[in-house]
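Q: Protein chains in written order, with our numbering: chain B, 1 to 980; chain E, 1001 to 1093; chain S, 2001 to 2416.
Calculated from the structure, these hints are not laboratory results.
You may find that some hints are simply not true.
What the hints assert, rightly or not - Cut-off 30 Å, straight-line C-alpha distance, at most; resulting in silico cross-link-like pairs (DSS-like, lysine-lysine):
| hint | chain 1 | residue 1 | chain 2 | residue 2 |
| --- | --- | --- | --- | --- |
| 1 | B | K496 | S | K2020 |
| 2 | B | K49 | S | K2017 |
| 3 | B | K190 | B | K161 |
| 4 | B | K585 | B | K190 |
| 5 | S | K2064 | B | K422 |
| 6 | S | K2155 | B | K585 |
| 7 | S | K2407 | B | K585 |
| 8 | S | K2017 | S | K2097 |
| 9 | B | K49 | S | K2010 |
| 10 | S | K2064 | B | K135 |
| 11 | S | K2097 | B | K135 |
Read off the chains here:
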Amino acid sequence: MTRLTGGLIDREKPLDFTFDGRSYSGYAGDTLAAALMANGVDLIGRSFKYHRPRGVLSAGSEEPNALVTLRDGARAEPNTRATVAELYAGLTARSQNHVGSLERDLLAVNDLLSPLFAAGFYYKTFMWPRTFWEKLYEPAIRRAAGLGALSMEPDPDAYDKGFLHCDLLVIGAGAAGLMAALTAGRAGAKVILADEDMRPGGRLLAESDLLNDAPAHEWVRAVRAELASFPNVRFMPRTTVFGVYDHGIYGAVERVADHLPTPGDGVRQTFWRITAKRAVLAAGAIERHIPFADNDRPGILLAGAMRAYANRWATLPGRAGAPVAVFTNGDDGHRTARDLVAKGVPVLGVVDTREDAQAFGDYEVFRGATVTGTRGRRGLRAIQITRGATATWHDVGALGVAGGWNPNVHLASHHRGRPVWKADLLAFVPGADGPKGLFPAGAVAGRGGTASALADGVRAATTALADIGMTAPKVALPEASDVPHAQAAFWHVPGKRRAWVDFQNDVTVKDIALAHTENMRSVEHLKRWTTLGMATDQGKTSNIAALAVMAEQTGQTIPGTGTTIFRPPYTGVSLSVLGGGDTGKHFRPTRLTPTHDWAAAQGATFVEVGPWMRAQMFPRAGEGHWRETVDREVTAVRSAVGICDVTTLGKIDVQGADAAEFLNRVYANMMATLKVGRVRYGLMLREDGHLYDDGTCARLGEDHFVVTTTTANAGAVYRNMEFARQCLWPDLDVQLISTTDAWAQIAVAGPKSRALLERIVDDTDLSNEAFPFMACAALTICGGLRARLFRISFSGELAYELAVPARYGHALMERLAERGADLGVTPYGTEALGVLRIEKGHATGAEITGQTTASMLGLGRMVSAKKDALGAVMSRREGLAAEAWRLVGLKPVGGDGPILAGSHLFTEGAVRTLDTDQGWVTSACYSPNLGRHIALGYLEHGDTRMGERIVAANPLEGQEMAVEVVSPDFVDPEGVRLRD
Amino acid sequence: MLIPHPLLGARDAQEFTYLGDASLMDRPDPNGPEAEAAFCDYVFLRDNPAGVHRELWFHEQGDRSWLVVTRDTVTHEILGAELARDVKRGAQT
Amino acid sequence: MTFSGLRVVKEALTGHKGWKPLWRNPEPKPSYDVVVVGGGGHGLATAYTLAATYGITNVAVLEKGWLGSGNIGRNTTIIRSNYLLPGNQPFYEFSMKLWERQEQDLNFNSMVSQRGIINLFHTDGQRDAYRRRGNAMHLSGADGRLLTREELREKVPFLNFDNARFPIKGGLMQSRAGTARHDGVAWGYARAADMRGVDIIQNCEVTGFRMEGGRVTGVETTRGTIGAGKVGVAVAGSSSRVMAMAGMRLPIESHVLQAFVSEGLKPTIPGVVTFGAGHFYVSQSDKGGLVFGGDLDGYNSYAQRGGLPTVEDVIEGGMALMPMIGRARLLRSWGGIMDMSMDGSPIIDRTHIDGLYFNGGWCYGGFKATPASGYAFAHLLATDTPHETARAYRFDRFTRGHVIDEKGVGAQPNLH
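Chain B on its own, in the form it takes in the complex:
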């Protein structure tokens, strides 16, 4: 166990964990990476392409190398960065992307073959023989590719989704973010301070610099306490703001329980949608490395990360006691050497590319030198330092690499704003075209020195608050200073061996040079050709180095070579939390009809109809096959009386002096002439002339109509009618309200329906003379319950629809069942409803597909030529007027058998091609009344082809059937029954 002194770990709380089945121990406050390091485990994973041994590179969420599969079973989480996984008791982790053991990965053979696998090689080969790609090459590539594996089991944890609102969102709780939050908190602003780490402080926790002459974490603790005392400030640790969306909306994920063995009864993570009036982006900076030969071995870290491990976690990689070296192009690397010396770590020295480098302490400086090679298969053992023509090998256990810092501009470029190059910083900072209301502060803005960042946090918060009319108080800054940060523009060490730029995806300097040779010079081409920046770190550790190498190739500047746009999310976000837990049955809301419980009590089976659950059928004991049930229900309607909940049909109440005129403009057929107390079937067209929806329109009073829509279009028709009312004809005196949920509506259908209804209506004469077909009335039933009765029929039988306030729907159903028992009243479901309507040739969604014209249904004459209405003009266009398809009935010729809906129609003997295709079967069923299968379909000129024998072909399932063209009105075509 390698632990240094100090650190922000709780040595009173040891935690046991396992990695690849071996047991280890760390402390509370450790990350998995820190704990592994402290246990001397430096080899953690394998790279994507060459399966190179890899260890920890960073100390944060930018980690490209140290990826593990965390947890077991259904909770297994692949590709987890060990550098941000908090240690908890019993943590289990496994390495990934190897065949055989991590130490002896058989796929490491790829590394030996790496000359074959240069950038873009796969575009140039695997083309012959043609079928080998899918059969041989691709499966092999797919097996080798990928990183971790999913468990293939559903995620057992719970997730939540929430909304937050604030005046100021502060992203990042480092020096700048804490000062920004403090400033805004004292100003009384509603503040959210979010940080991805387990505790606030950011880089302050990793550095040894003092604030107010004390360790920085003491100052952080005081600020945290003050923030906690403000009711207007919410500090959210373990919360990553992953994306910036329009109008100040930010996506964030809070890892509520990832640091615990299990979430218990709580949620694992919460997805927050934060609406912020303004935001401060204080996300810090990410250190970059310097590509040099064999720079990817375990034990080679970013120098700043090395400092973080030493100062915060009291650990270092490498063999115990082995010296540590630093390779830098600027002052920053010297901070690492200084801190390590202070911790008593043997320091070989700092290899600085600059001739004039100044030491920060008592250690050797190799001035004007570079690291030009490394040794150590599974962990760094030695480095080669070259100065001029002299190269020397030195034993080391670890190497820190300091190439400068890249401001974390990611969120600032989520709206496609381009970062701008700051030559003095040798880095991109957010441009002026970033998201509105987002204020970069601290290291993000290129002001990364401790004192600068603290001051910049105050400045950014003050500016942001002023933007929304709030005044920030003067806030005193703690005593701090900026350490020197001079830096040379040194980007990579030239050499013949491979020098990694993108570690995870194994993209080297040579690959970039090859991309240049092959004219993949645009940054986007470079990325796509080499896969650079496409790894799980999204190029956080590689993009800028790659730009620099490409700039060298093209002879242009770095900003002249390009930049890349960062896209959400900032770091990987679990799909579970983005789904917010709306899984399984909770995927969508479920709407239940008012009689749902009644139907369930009757043993109904239910079917999903859009968001609704509708009773599909009501099986009885002894009915072995579903068709026995449906046949019985259909027969009951045709011979006695059936009852069916039709509440799901849309209902729109239309009132006003101009209601009739309005409906006349909305319906294609004439509605203005409808008399009070009568119902009319209506067709609505889209403005393009195609059939939109059908339904009934009932006039309850001079100024009062009730219209129905299909279930599927209930929302859309209402919206469209509101469009007509508000956007086309706002001067008409008419009001609309959707009453679909307000009224329960029950179809009472069959020859005994009148007899049944007469038993429950109060004082209303239902005789055929007094209440004929297509009559309607507002009345009372059951001794005073207000109701609406419509004599309309979908089944072709004598039938009514009875509407009562929704809360009485259940009682009405019970009453109808009870009072109609001796009449043989039978509840029926959607299956029987479907058979009844097919027997009558009534269209539903299978026929009104949005591609349908009125004439296809044989209703062309309903489109009134005497008036305008939505869609009327366009329905007369040549293409629609000439539409040849007509709805026909079909029945099998010869033996009976099911005609499958979706079959296509052909004349007998015709070859089966799209050109000879004459139509299709829309709906089909077994008709218990006809004692055979029947179907509806569209057939070219079908209305003139009655009696013709054609073929319903279903080559998809290798089946076909001879059918006869008949009228779609299979039952009672004269319509006697419904008028009886």
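Given the coordinates of chain B, assemble chains E and S onto it according to the supplied hints.
A: Coordinates of chains E and S only, in the frame set by chain B:
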């Protein structure tokens, strides 16, 4: 996105249903000359600007107002929102 | 230079010193027989076909950014020919046949991978609609199969069969469908066109059309005036903007469609699966990322980015359909600008201006059409007659009333 509803203040765009270009309010005269051609333009053709766009949103999960929202299609910045019926009436007077 | 495995081995042994640029960076000539505006998949495929099939090699492709920077560079890579309507299906089947020989035609491995697509259905009505569609596919010479729930369980056992809000009842499968490496398609066409003499001119934005006597004679660009015998515009996503320079209004709106990719995972999903009761479709790339998407955000946009509600909607759909993906992470999301046409189908046609031709309106389905679109557009440019599979893609279908509306939602682009 947030839509500044003229009656209700800023509302999440998720409460709304989008239709399209506000020119859909300018339904041609069905009895005018070349009515069919005018309707074809009205129904099918759009300016589709990259920039300021006046467009129709329906506050479906709200007060059921149709709004004319002026929005930049490149930046998504919203420059204003009015009740469609006011816009239509204003155009008529 | 011919690409082959042998060549790769030879270069590997000699330090990769022999590779050449995949295409030249030519200066624009004063004029060309044909100028193709748009260096995306369709424009490059057009130029390639003009040269390779119609022998017209004095061709320039003008691209305002880097070639392949439009929707070919930002899609979810699905190829399929599983359409319903006779105006569409033969065209997409033609495209599928071109995909099947693309690598050999282009001498470039664009990784066409026919791993199949399954469109799930959840109601009897959806099943019937898919049977109708599957039969249309068969009638056009394409393949298709209706899978039962049991067959699905075998092929894609990880779907939510047991606790779904909308139970999975079966699926329509096309085995020849699959995916292709989208950037590779652009590069393959670019390289093959360049080898045949086509000038691909990047960073060259068209700023206007030159007209003489009602005829287009060239284009104004950021790199000067370029004369042209004919100009073909293939700039889906920017169609309205470009054609406005010729004074045209189009039956097109621009909408943003978001797409998503997860971190790399070992093989999980065999082919393409589309959810029939939510907005979600998914495949897995050769690199291991789950590539998925859903519905449009739904409002006009040129911003190439979308909003959170759509992110949530798409991923809710994914979690509902295959809850085992929950522990994977979203790596990257992005938005592309779709040319959403008024009937959901594309346009490949002449315009009322002599010499100016238009290809666009691909909605969110342009990638799979790339080979056939290029072929049909080249055919039109070369012969002034529509290709036999693209005859329905005319401008005047809207006015005449012959729309190709697969979804049946009418002239509202965000619903297609």
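Q: Taking only the CA atoms, is the gap from S/K2017 to S/K2097 under or equal to 30 Å?
A: violated (36 Å)
Q: Can you confirm whether the C-alpha distance between S/K2064 and B/K135 stays at or below 30 Å?
A: violated (39 Å)
Q: Do the alpha carbons of S/K2155 and B/K585 lie within 30 Å of each other, as the hint requires?
A: Roughly 23 Å between the alpha carbons, so the hint for S/K2155 and B/K585 holds.
Q: Tell me if the straight-line CA distance from B/K496 to S/K2020 falls inside 30 Å.
A: Holds: B/K496 and S/K2020 sit about 20 Å apart, inside 30 Å.
Q: Is B/K49 close enough to S/K2017, meaning Cα to Cα at most 30 Å?
A: holds (22 Å)
Q: Is it true that the CA of B/K190 sits at most 30 Å from the CA of B/K161?
A: Holds, at about 21 Å.
Q: Is it true that the CA of S/K2064 sits at most 30 Å from the CA of B/K422?
A: holds (27 Å)
Q: When you check the alpha-carbon spacing of S/K2407 and B/K585, does it fall within 30 Å?
A: Holds, at about 27 Å.
Q: Starting from S/K2097, check that the Cα of B/K135 is at most 30 Å away, please.
A: holds (19 Å)
Q: Could you grab the alpha-carbon distance between B/K585 and B/K190 and see if it respects the 30 Å cut-off?
A: violated (37 Å)
Q: Is it true that the CA of B/K49 sits at most 30 Å from the CA of S/K2010?
A: Measuring from Cα to Cα gives roughly 21 Å; hence the hint holds.
Going down the numbered hints, you'll see the structure goes against 4, 8 and 10, while the others check out.
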